[in-house]
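Novice: These are the residues of each chain, in order.
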Amino acid sequence: AQTVTQSQPEMSVQEAETVTLSCTYDTSESNYYLFWYKQPPSRQMILVIRQEAYKQQNATENRFSVNFQKAAKSFSLKISDSQLGDTAMYFCAFMSGETSGSRLTFGEGTQLTVNP
Amino acid sequence: AAGVIQSPRHLIKEKRETATLKCYPISRHDTVYWYQQGPGQDPQFLISFYEKMQSDKGSIPDRFSAQQFSDYHSELNMSSLELGDSALYFCASSFGQGRELFFGEGSRLTVL
Numbered sequence: 001a002q003t004v005t006q007s008q009p010e011m012s013v014q015e016a017e018t019v020t021l022s023c024t025y026d027t028s029e030s031n032y033y034l035f036w037y038k039q040p041p042s043r044q045m046i047l048v049i050r051q052e053a054y055k056q057q058n059a060t061e062n063r064f065s066v067n068f069q070k071a072a073k074s075f076s077l078k079i080s081d082s083q084l085g086d087t088a089m090y091f092c093a094f095m096s097g098e099t100s101g102s103r104l105t106f107g108e109g110t111q112l113t114v115n116p
Numbered sequence: 001a002a003g004v005i006q007s008p009r010h011l012i013k014e015k016r017e018t019a020t021l022k023c024y025p026i027s028r029h030d031t032v033y034w035y036q037q038g039p040g041q042d043p044q045f046l047i048s049f050y051e052k053m054q055s056d057k058g059s060i061p062d063r064f065s066a067q068q069f070s071d072y073h074s075e076l077n078m079s080s081l082e083l084g085d086s087a088l089y090f091c092a093s094s095f096g097q098g099r100e101l102f103f104g105e106g107s108r109l110t111v112l
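Line by line, the protein sequences give chains A and B. Take the first sequence: its position 11, counting from 1, is numbered 11 in the working numbering, and each next residue is one higher. Take the second sequence: its position 64, counting from 1, is numbered 64 in the working numbering, and each next residue is one higher.
Think of the hints as simulated: they come from the structure by calculation, not from any bench. One thing to keep in mind: the hints can contain errors.
Which bits of chain B does chain A cover? Going by a derived footprint, with three or more residues having C-beta under 8 Å, they are [stated by the list, open to error]: (1) 73-79; (2) 92-104.
Derived CB-CB ranges, DEER-like [stated by the list, open to error]: (3) B:G38 / A:N31: 30 to 36 Å; (4) B:K57 / A:L47: 20 to 26 Å; (5) A:I46 / B:P61: 26 to 32 Å; (6) B:Q67 / A:L47: 22 to 28 Å; (7) A:I46 / B:S27: 15 to 21 Å; (8) A:N58 / B:M53: 45 to 51 Å; (9) A:I46 / B:H73: 30 to 36 Å; (10) A:E108 / B:D62: 42 to 48 Å; (11) A:Q69 / B:D62: 36 to 42 Å; (12) B:E82 / A:G97: 31 to 37 Å; (13) B:T110 / A:D81: 38 to 44 Å; (14) A:L47 / B:K13: 27 to 33 Å; (15) A:N58 / B:L112: 43 to 49 Å; (16) A:L47 / B:S79: 41 to 47 Å.
Straight-line alpha carbon distances no greater than 35 Å define the calculated DSBU-like cross-link-like pairs of lysine-lysine that follow [what the hints assert, rightly or not]: (17) B:K52 / A:K70; (18) B:K15 / A:K78; (19) A:K73 / B:K52; (20) A:K55 / B:K52; (21) B:K57 / A:K73; (22) B:K52 / B:K22; (23) A:K70 / B:K13; (24) B:K15 / B:K52; (25) B:K57 / B:K22; (26) B:K13 / B:K52; (27) A:K55 / B:K57.
Note that CB positions come from ideal geometry on N, CA and C, so glycine has one too.
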C-alpha cells in the first residue's frame with residue numbers, strides 16, 4: 001500500500017514571502033500521479049497542482065510550483081508571494097496509475113498560516 | 001459548469017439510526033469517490049466506483065454500503081450509527097485515469 005508523509009504539521013510565513021511544504025511518499029509503482037490539495041477554513045477541497053510521475057518537468061501553476069524528485073520519492077510544494085488567502089490546510093496526495101478508479105491517498109496535512 | 005453536488009449538507013442522527021448521503025457527480029465524469037474526514041484528520045478513502053462498478057475499496061465499515069446508479073449519482077448508506085461516525089463526508093468525481101478529483105462541499109454528519 002502506498003503511504004504519503006507530511007512531516008510539517010504547521011508552518012507560517014509572512015505575506016509576500018516564499019514557503020515550501022514537504023511531502024514524501026512510498027510506492028513500488030512506476031506509473032502514478034501526485035497532487036497538492038488545499039482545504040481552507042470552509043473545508044472545501046481545492047486542487048492546487050498535479051504532477052504526472054513520468055514527466056520530469058516540474059508542474060507550475062501561477063505562484064505554486066513543485067519540486068518532484070522521483071528517485072527520492074519527494075514532492076514538495078513551493079508557494080511564492082504568499083497571500084493571506086493561502087492560509088489553509090495543505091494535503092499532499094498520491095494516486096496509482098495502474099488501474100482506473102484508483103483511490104487518492106492523502107498525507108496528514110500541513111496547516112499553513114500566512115501572516116500580514 | 002455545475003460542480004459535485006452533495007446532499008444533505010448537514011445531518012444529525014441518534015446512535016443506532018441510519019443515514020443516507022447522496023452525491024451527484026459532474027456531468028460525464030466516470031468515477032465517483034467517497035471520503036470520510038474526522039476533525040483534524042486527513043480524508044480517509046471509503047470506496048470508489050468506475051462506470052458504476054465498484055473500483056476500489058478502503059476502510060469502509062461493514063455497516064456502510066454504497067452504490068452508483070444508472071444516472072451516475074451515488075449514495076452512501078450508513079446503518080447502526082456510532083458516535084465515531086460523526087465526520088465530514090466528501091464525495092468527489094473525476095474523468096479519466098490519473099485526473100484530478102473534484103470534491104463536493106461535503107455532508108457533515110453528527111451522531112448524538
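Novice: For every hint, state whether the structure bears it out.
Specialist: Evaluated hints:
no. : hint                       : in the structure
1   : 73-79                      : violated (count 0)
2   : 92-104                     : holds (count 7)
3   : B:G38 / A:N31: 30 to 36 Å  : holds (31 Å)
4   : B:K57 / A:L47: 20 to 26 Å  : holds (24 Å)
5   : A:I46 / B:P61: 26 to 32 Å  : holds (28 Å)
6   : B:Q67 / A:L47: 22 to 28 Å  : holds (26 Å)
7   : A:I46 / B:S27: 15 to 21 Å  : holds (20 Å)
8   : A:N58 / B:M53: 45 to 51 Å  : violated (35 Å)
9   : A:I46 / B:H73: 30 to 36 Å  : violated (23 Å)
10  : A:E108 / B:D62: 42 to 48 Å : violated (26 Å)
11  : A:Q69 / B:D62: 36 to 42 Å  : holds (40 Å)
12  : B:E82 / A:G97: 31 to 37 Å  : holds (36 Å)
13  : B:T110 / A:D81: 38 to 44 Å : holds (39 Å)
14  : A:L47 / B:K13: 27 to 33 Å  : holds (31 Å)
15  : A:N58 / B:L112: 43 to 49 Å : holds (48 Å)
16  : A:L47 / B:S79: 41 to 47 Å  : violated (33 Å)
17  : B:K52 / A:K70              : holds (33 Å)
18  : B:K15 / A:K78              : violated (44 Å)
19  : A:K73 / B:K52              : holds (33 Å)
20  : A:K55 / B:K52              : holds (31 Å)
21  : B:K57 / A:K73              : holds (25 Å)
22  : B:K52 / B:K22              : holds (15 Å)
23  : A:K70 / B:K13              : violated (46 Å)
24  : B:K15 / B:K52              : holds (31 Å)
25  : B:K57 / B:K22              : holds (18 Å)
26  : B:K13 / B:K52              : holds (28 Å)
27  : A:K55 / B:K57              : holds (28 Å)
The structure is inconsistent with the numbered hints 1, 8, 9, 10, 16, 18 and 23, although it conforms to all the rest.
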